[in-house]
Amino acid sequence: MAPTASASVRRTLTLAKALNTGLLEAMKADPKTVIMGEDVGKLGGVFRITDGLQELFGEERVIDTPLAESAIVGTAIGLAMRGFRPVCEIQFDGFVYPAFDQIVSQLAKLHYRSGGRIRLPVTIRIPYGGGIGAVEHHSESPEAYFCHTAGLRVVTCSSPADAHLMIQQAVASDDPVIFLEPKRRYWEKGEVDTTPLADLPADLRTDLGTSRVVRSGQDATLVAYGPMVRTCLDAADVATEEDGRSLEVIDLRSLSPLDLDPVVESTRRTGRLVAVHEAPSNVSLSSEIAARVTEQAFYHLESPVLRVTGFDTPYPPARLEDHYLPDVDRILDAVDRTFGY
Amino acid sequence: MAPTASASVRRTLTLAKALNTGLLEAMKADPKTVIMGEDVGKLGGVFRITDGLQELFGEERVIDTPLAESAIVGTAIGLAMRGFRPVCEIQFDGFVYPAFDQIVSQLAKLHYRSGGRIRLPVTIRIPYGGGIGAVEHHSESPEAYFCHTAGLRVVTCSSPADAHLMIQQAVASDDPVIFLEPKRRYWEKGEVDTTPLADLPADLRTDLGTSRVVRSGQDATLVAYGPMVRTCLDAADVATEEDGRSLEVIDLRSLSPLDLDPVVESTRRTGRLVAVHEAPSNVSLSSEIAARVTEQAFYHLESPVLRVTGFDTPYPPARLEDHYLPDVDRILDAVDRTFGY
Amino acid sequence: MTELVQLLTPDGRRTTSGSGPEAEYQAFVAEVTDDDLVGLLRDMTVVRRLDDEGTALQRQGELSLWASLRGQEAAQVGSGRALEPADMAFPSYREHGVAWCRGVDPLKLFGLFRGTSLGAWDPAEHGFALYAIVVGSQTLHATGYAMGVARDGGEGAVISYFGDGASSEGDVNEAFGWASVFGAPLVFFCQNNQWAISEPYRRQSRVPIYQRARGFGFPSVRVDGNDVLATLAVTRWALRQARSGAGPVLVEALTYRINPHTTADDPSRYRPADELSTWRRRDPIDRLRTHLRARGVLTDELEASIAAEADSTAADLRARCLALPDPPGDALFDHVQVEENNLVAAERAAFVSLRGALL
Amino acid sequence: MTELVQLLTPDGRRTTSGSGPEAEYQAFVAEVTDDDLVGLLRDMTVVRRLDDEGTALQRQGELSLWASLRGQEAAQVGSGRALEPADMAFPSYREHGVAWCRGVDPLKLFGLFRGTSLGAWDPAEHGFALYAIVVGSQTLHATGYAMGVARDGGEGAVISYFGDGASSEGDVNEAFGWASVFGAPLVFFCQNNQWAISEPYRRQSRVPIYQRARGFGFPSVRVDGNDVLATLAVTRWALRQARSGAGPVLVEALTYRINPHTTADDPSRYRPADELSTWRRRDPIDRLRTHLRARGVLTDELEASIAAEADSTAADLRARCLALPDPPGDALFDHVQVEENNLVAAERAAFVSLRGALL
Ligand SMILES: Cc1ncc(C[n+]2csc(CCOP(=O)(O)OP(=O)(O)O)c2C)c(N)n1
Ligand SMILES: Cc1ncc(C[n+]2csc(CCOP(=O)(O)OP(=O)(O)O)c2C)c(N)n1
Ligand SMILES: [Mg+2]
Ligand SMILES: [Mg+2]
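Protein chains in written order, with numbering that gives the first Met the number 0: chain D, 0 to 340; chain E, 0 to 340; chain F, 0 to 358; chain X, 0 to 358.
Read the hints as simulated data drawn from the structure, not as lab findings.
Fair warning: this is a prediction, and the values are worked out from it, not measured in the lab.
Note that the Cβ used here is the ideal one computed from N, Cα and C, for glycine as well.
Each statement offered as a hint is correct.
Here are the computed distance ranges between Cβ atoms for each label pair:
{"#": "1", "chain 1": "E", "residue 1": "11", "chain 2": "D", "residue 2": "211", "range": "54 to 64 Å"}
{"#": "2", "chain 1": "X", "residue 1": "244", "chain 2": "F", "residue 2": "321", "range": "54 to 64 Å"}
{"#": "3", "chain 1": "F", "residue 1": "151", "chain 2": "D", "residue 2": "340", "range": "52 to 62 Å"}
{"#": "4", "chain 1": "X", "residue 1": "205", "chain 2": "D", "residue 2": "211", "range": "56 to 66 Å"}
{"#": "5", "chain 1": "D", "residue 1": "335", "chain 2": "E", "residue 2": "215", "range": "37 to 47 Å"}
Simulated pairs of lysine to aspartate or glutamate, DMTMM-like, Cα-Cα distance not exceeding 20 Å:
{"#": "6", "chain 1": "D", "residue 1": "41", "chain 2": "F", "residue 2": "273"}
{"#": "7", "chain 1": "D", "residue 1": "31", "chain 2": "X", "residue 2": "154"}
{"#": "8", "chain 1": "D", "residue 1": "31", "chain 2": "D", "residue 2": "58"}
Input sequences plus hints: build the corresponding full structure.
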């Protein structure tokens, strides 16, 4: 599947292909954009997200790197200081940790340290999350580590349309962005507006930081991101059918900074909030959401904010992951419990 | 200051000296205990925590390592697999990140992955936190990263007595322990019971996981750990004097797993909780505390749990750190706000 | 090409012990008998058969992934059989042949790729650590373990496997530095199978990888990794060096990954077809077979019996793999820590009460 | 000792351009005039004076820490003066002498150690990156920057400073690998000052550090880092190599950290006193001074004028340092990100409303 040229049309794409197309647009939009990572060139990445791009843009702009994650991020910083706009691929979530120092101590801080003189428009793409039956270190959800780190933007997409839009916004951003790709949703299809970023209205060009209500409801609110948005939508369907409950579902999209206003607003209306993610609960995004929404919607809560997350264990072997990952049952159980307070 | 022999007496020691003495006991208690890190030998560590130990136990047991943090942790894992009990020193908080993969993907997971066959009694000592006017990367509070990681115990001490006891408990633990040392409190003095761990009653030998009420009060609860316990006690003093308010102060001691029962119990009584730490707020320990205490004390809360933390910026230059770090004013302001709900 | 130790030529002739880089290593296989060689042939044949079974089971949906070692049988069996019982091996994720030599039930490897466990064997029992998927991480564990051996007066040496790709990782280079400075009894064994997924090894290094050791001040050697005898000899030599207290040695075994990186990979996207055919002609099993045929040791009968043994081992393994049960759901809460963790305990309780019926 | 490039002997004699490792480098300083040498002496003298001022200001509580370069003036000025305006330098945290050569106002270095900023100069303006305290991290930035230079057709080369201790870090070795594979126009400049805080350099490597490059397939050289002329020559050679497209070069400058690691350190705990006295006799400034005295170039008068210049620069710097204001409290919220971050904005607002009176 070679990348196709830009055109302002609606197309039905998989999330993976939407990312591929979005990256193609980003490469066209700025000749300083370079893609780098393990196997991103000839192979097009193990998930084919960069498929065809080396053919189009050459080895100087789509760089197959040695196997060294700290160097992928560290050299991207250097390239950015030289005026490039690197898009790094970390092959799987579990392989980002060797690059941790370069991300949290270098990439995240140089703008601040330099009093704003240095800008590091580096995007770090990471396929993340479980549910694909993989071997160890291939199903991690590391977002909490990055969200706790000042100086990084952390975003994730849940649909092909957002994948296409947000990857372009991320690459266009002058801040370092951790771009998390919900790998179990790579093959889900959806309609995508393939208008290149530059041709979109200004508010769409720069709304990388906003969350979005993806389903309206009155009885309780579910907040999720990335791979769990679909699961929450499924849960909302079941809740309507089986319990006659109307659940609102909010897709965070930006994990840091958080755009909690829609969540607070919704929770004030419904009085009940359940936060859902795959990552373990301890010191996680759902902790933060619970803490902040409680502070802002204190008098409106009928129940404490409840959390449905991966358990606080290492990611288990694949044959147990269905037990580990939040699913419709666990989400609806939590919704039930919010009605029990 | 050469380490002195064990004796079951009360002595007034600095927190640094209490750690040194505790390590001495740990080295005596098990000949498989080895200390390793940069400058831990002849120099005795940049804070002198391992002072005199190489002289006593030799270069085979107190190992000056090359300058490579990933290797400090990675080889400690190998040593532990061979039956040793390594105590690693990371020189400063900001230098632990190059070892992040070895900590979160290796050290934290091997017990689980091996179905319990492998035990890794590795202690990683990290001086942490700000307030000493240091240059960059020397004032970080990285605890959230470790608390979010399943498989690690994370503990910190706030007094010389706890320093002496907890470092021995950490070394004796068969689990990997991240042992955070509040560097700005190294020079504070306190009374220490220097009874070696083995001679203590069983409940004291194994209470590494418990939190503790360090000051009783009725009107509101402060929860903190490490360097901020002293600051909270100071705040409680001021609150009594100036506002006539009686604040309860709880020292968490164990950051993962958390022992929240005393906090929940206290909060149910006072109806108000303020969580305090130096680390930034976003996706932090105080998020977790707020989320969980709210869930368990929902009907008793007069106000949402409030948080007083470092700001969500990189650690600022030293001349600004007094503005950055939580202090008595900011804590009492939060307490005031809990009364405003 | 740079110096390369070879004791069996690609067409199965035994090199003589005269001059050349070989001379030094001949002594280490001087006592290898024809029976021993047949044993090595049997190992390689069985291991290849098991590996094929892994690929087949993956195709049938019984394993979620398989990382094939095809082409690397000699590198793995040659080095694996050089190990003594007291030695300790730290594999990456493709060392099924070494696992075989260390007596690990292949079913336990299949369990990993099936997703029923994360490491079901006892490293201490077999002198074979768990597989390491984070590339390079295991070399530091091996270094620490070897430092421990030196400290507790143990007899064994340690061997750490890693790939050409891994040689770029910081961890591997930190391990080189430490092992050298501490004189650890450690053999770094790099299987240079020419590829790290889609990247050729010249993307990792502009000089042959064995030369890396020079920069850290310890000896290294490049061996023909498709020559099981040379690999055996060189690894024995390296292990003896390590045991002698002289510090680490780096062995680069030049070999080739015949199959895709894993069953999820498609090498047609990046690998020239002629390269594959060149390397097929250097097949490690064929080489030893030709040699033993020429010596008259390997009869049709013997070969058939080896094949039968391989088949029955594979059939047995397949049957046991199909029967491998999923662990009970709440097993996911086991062994998070040695001491009980209150959060995990609470989660387990909630899980059991919600899912109780399903378990 | 291993080969060491020296163009001025410790007693100030100029080596001839005959044979030996020197021959190759003589050409790079063939056009250096006496005036140029006086310029180098001036640089080194001023830099030492500023460094002493840093130590003094720390003692007086005006800086919270100071990392002295004493003993390393030749390594820094020699390499720093080899750089062209278009070149880019990536320092660690002790390169005050290089900063001087790059035109960075020393006040900005003092601001770092005083705690009023985290990096107040413009890296692009000076071709001098911010200080890097996480040991070794900067070598990767330098590598990426150099890859960028190669990609955008820039003229400059890049130089990355690091210490003997840093050579153990994974990042530094990853940088060696990358720079080599990508042929980056980069000079790795290791100041081997023999110590990493309390650890002697043989704890980092059992062979001289310059040999590390061999393992990665690129050239390296060891230079007498207390010989400013040799350092200038070797660095010029290395930069030319890098610019030529031949890829990276590693220069190890053998020198010595005369002072404690920082003002917080106490070397009496770990360092033999005679080592210090040996190295004091190899003082880099004395060496050039002796040479210029012998040539009759350096008169008492000239020397006094250099000293006066150093003193007045230092006095001016001290005055400006004492006057360095603390930033306003809410400056801590500046420049977290380019785009506004709503959490930081809210925190700033709360801070200002609580502390408003104090700011
Ligand atoms: C730290 C890390 N980064 C990336 C990966 C993904 N990955 C798995 S295997 C592999 C290539 C390894 O190549 P090599 O070391 O040559 O070993 P081989 O697979 O050829 O045996 C990569 C990039 C990983 N497992 N770990
Ligand atoms: C990653 C990291 N680990 C530890 C430290 C603490 N530290 C600061 S300087 C230093 C020694 C550095 O030695 P070397 O590289 O030789 O440079 P020198 O100080 O001699 O100039 C150490 C261990 C650090 N800054 N960064
Ligand atoms: Mg390979
Ligand atoms: Mg040094």
